[in-house]
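In order, the protein sequences belong to chains E, W and H.
Just so you know, the first sequence maps onto residues 0 to 622 in numbering that gives the first Met the number 0.
Just so you know, the second sequence maps onto residues 0 to 106 in numbering that gives the first Met the number 0.
Just so you know, the third sequence maps onto residues 0 to 206 in numbering that gives the first Met the number 0.
No lab work stands behind these hints, which were simulated from the structure alone.
There could be a bad hint or two in this list.
Below, in silico cross-link-like pairs of lysine-lysine (DSS-like), each with a Cα-Cα straight-line distance of 30 Å or less [to be verified]: (1) K9(H) <-> K14(W); (2) K521(E) <-> K23(H); (3) K75(W) <-> K204(H); (4) K9(H) <-> K18(W); (5) K96(H) <-> K22(W); (6) K23(H) <-> K77(W); (7) K75(W) <-> K16(W); (8) K204(H) <-> K14(W); (9) K14(W) <-> K96(H); (10) K177(H) <-> K18(W); (11) K16(W) <-> K204(H); (12) K97(H) <-> K77(W); (13) K550(E) <-> K177(H); (14) K177(H) <-> K14(W); (15) K77(W) <-> K96(H); (16) K96(H) <-> K75(W); (17) K177(H) <-> K75(W); (18) K550(E) <-> K9(H); (19) K14(W) <-> K23(H); (20) K97(H) <-> K18(W); (21) K75(W) <-> K97(H); (22) K14(W) <-> K97(H); (23) K96(H) <-> K18(W); (24) K22(W) <-> K97(H); (25) K614(E) <-> K9(H); (26) K177(H) <-> K22(W); (27) K521(E) <-> K96(H); (28) K23(H) <-> K75(W); (29) K550(E) <-> K96(H); (30) K16(W) <-> K97(H); (31) K22(W) <-> K23(H); (32) K23(H) <-> K18(W); (33) K77(W) <-> K9(H); (34) K177(H) <-> K77(W); (35) K614(E) <-> K97(H).
Over 12 Å on every C-beta distance to chain E, these chain W residues come out as not near it, computed from the model [what the hints assert, rightly or not]: (36) H13; (37) E20; (38) K22; (39) S27; (40) V40.
For every residue, glycine included, the Cβ atom is placed at its ideal position computed from N, Cα and C.
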Amino acid sequence: MSIAVSESSAKAQKRSIGAVLWDYLTTVDHMKIAHLYIFGGAFFFILGGIEAIIIRIQLLVPENDFVSAGFYNEVITMHGTTMIFLAAMPLLLGLMNAIMPLQIGARDVAFPFLNALGVWLFILGGLLLNLSWVFGGAPDAGWTAYAPLSSTSPGHGVDFYVMGLQLAGAGTLMSGINFLVTIINMRAPGMTYMRMPLFTWTTFITSILILFAFPALTVGLFLLQFDRMFGAAFFDVALGGNTIIWQHLFWIFGHPEVYILILPVFGAFSEIFSTFSKKRIFGYTSMIFATMLIAFLGFMVWAHHMFTVGMGPIANTIFSVATMAIAVPTGIKIFNWLATMWGGSVKLNSAMLWSIGFIPSFTIGGMTGIMVATVAADYQYHDTYFVIAHFHYTIVGGTVMGIFAGLTYWWPKIFGRVLNETLGQITFWTFFVGFHMTFFIQHFLGLMGMPRRYWVFLEDQGLDTGNLISSIGAFLMAVGVIVFIINAIYVWLKGEKAANDPWDGRTLEWTTASPPEHYNWKQTPLIRGLDCLWLEKTEGNGKMIPAHPLKDIHMPNGSILPFIMSLGFFIAGIGFIYQTDNKLWYIALFGGMAIALLTMLVRSVQDDVGHYITKEELKGEAE
Amino acid sequence: MTDNTNTNQLTDYHKQKNKEEMKRNVISFALMIISTIIAFVIVGSGIMDRIFAVFLLFILATIQVAFQFFYFMHMKDKGHALPAVMIVGGTWAAFLTVFGLVAAVWW
Amino acid sequence: MNHDHIFNPKSLPHSPEKATLEGKNKFLGLWFFLGGETVLFASLFGTFIALRNSTAGGPSSEELFGLELVFIMTILLLTSSLTSVYAMYHMKNHDYKKMQLWLGITGLLGISFLGLEIYEFTHYITEYGFTFRSSAFGSAFYTLVGFHGGHVTFGIAWLIVIMIRNARRGLNLYNAPKFNTFSLYWHYIDVVWVFVFTVVYLMGKVG
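For reference, chain E alone in the conformation it holds in the complex (with noise of 0.2 Å):
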């Protein structure tokens, strides 16, 4: 549990358990929020690492029986559902919460009481979707649940992904509307947006891109649980269903989530380019211009996922062409980040092997993307190995790096410690060599023919040393997370607390501690320009000039009730799953909504204002 130096007072507090506990139940504050969705992401990751370790022992060998079929077909889409939701959004969005109001000078962001329901809804939701392990079978019709197989499928499974993706996904709705609010409303003076660091701008278009896609997928959810719990016929062909909308629905959402898990990391690696190339990024203006693209575009593709369904080969072709152009503004970052290495005075330390490690590995996914983009060549590719080789270079090639790059680099902002430079080289060799043998290989496993979600494969058919080689790989990947585990563990307990700019940085959040006061800065700096932290190192004295006096500073209360609205709905979703079996589940089906609403109307009759830090307080604290 991190013990984060938040109080007012300068020195250090010894705190119980319980009181950390407590602080952290009843946070509000954006940083112990990143805290916790750090965590939760890091835990629900580790999670869906055994699920991978699983599906490659499965697979080590041809017509393998480490596992049953069925219980395989539950791996598989626990470890694409919980990878996606519960590991790599939550990260980004722990990274988000933690830098970009530093990034703006802003002391928290505009909503900090909607900030921590939404960590809560993510932390429940993950758990109520892990709950289905222990209560009768996980989920088993893959990440994507298309009907009819989600709709009919026996047990409760798939009614725990329904009600686990409502909770979590609410949460992330709730976070984009508040980090776009933030950034709008809450620049310190001079922060134009034009002087916006990278990383803020791609936190800006996330919140655009979360904004509008993920109602699409809380609809899609919506009628899966109608058909399922209540007897509706969306998806049911006999009673006049049509089973291709939630196909339609999950991709309209889930093409613009796979822009969501990478605009964050572009915005990262952004910085850490800049940073350790001790140069200013190259074309920031074309950047923020190819974001901005991208994000447009993305709404635009969703059926590059369906090419095989049936829509024609004009709709298909719309789509492909569409899906083809987003590599134009990508291709411009990738132009920039190297342009940006270029002649600057490039620093090797492990956030930029990640970086480094990550063009080639991505720019290989996008190339296959543009592969499997191609419709006639993609009723090839469809449902093989080879989307799914695609995919992992962009999401592990892309994301997961773009993470460990974003946690290495700001980790001493996040944590107070400076991870271990050689665990972190070890850890990034383990994972990129492990990455490439587990990945690299798939791509020729899917061209010659090997089907993707299928629990054997069959002995003599030339896919025996792919697929060990394969294995061998992800055994070497897991390896790489261990390591950076025992990194974050060494260096809480025997490392220094860092300074406050460890890295000789550009941006605002390396002019506060390490991690920052709660209020984030006594007086809140004055912007003069993009870099604004480099311009008064180059031009100034080497700090922030206040753009105010010294005076009280406004801080909201920490509140119980954002985890207790949580548990409310949490219980309502269990209620939820069980009333199909037994009608008395119905009391923790309204019990839950009760204790949740309850809560809602707690909070909208309190008049919880929050509380000043006097100046004189202020004033008694070390710099």
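Got chain E; can you put chains W and H on it based on the hints?
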């Protein structure tokens, strides 16, 4: 003699502006009611051909929604650029969604 | 420093709902939320349009819908939108009592709308056997119109809470943004209804 309108206090100038705005809102409301009545009459009387009726109904709905957004919700006023962008963005995503579901589902 | 200037301001500015950072944040936050709701309702509309002819041998929209009832419901909701505009007009003129009056009328009109809708649904279920489960068209109809009705219900509950809570306080910089936020939400519900009556009922009758 002109008022100092640079204050954020409620002056006669603001009161006058509020009154004018309210008048515009009432006119908008009347137009909305009329367009509703026209829509219902078109369908109820069965006068028009199906294709034309659907087309006209859609236009009437759009006009009414525009009144709601721009007048009742002040989207035409200063300080509403970002809300307008969000609604336009949302409408674009909405259009894609509806188009995809309607056109492609029964293809 | 305390919060007295929010609860008991010496004089109210001309746009009290946007005078504080909290007010500005709530304003933007709700508009963005409405952008997301646009996509939510679009998904429901798309699903409905795709399934509107999937009657599974049951009644179709031409047989089911009565335009008179829908017309009355529309007038009620549209008028409630106007009354909420009146309420905000009075709020901007710092006339708290008149604001409360017009908000109350808004709520009553909303409740009448809901009452008629419940009557309508009951009528379909008992007279025609047209239920949520009887066909894909039924599922889509009740989900789309029901979600809208659910939003109206939530809105009325919200209105009742803020009106009762702030009944004796007078207008201040703390509750002004709350009333404004509600009012924007209420207008949006009317926007959605315009599309509902057009796409579901009118186009349903046209065939």
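Numbers of the earlier hints that this structure fails to satisfy, in rising order
Of the numbered hints, 3, 8, 11, 27, 29, 35 do not hold.
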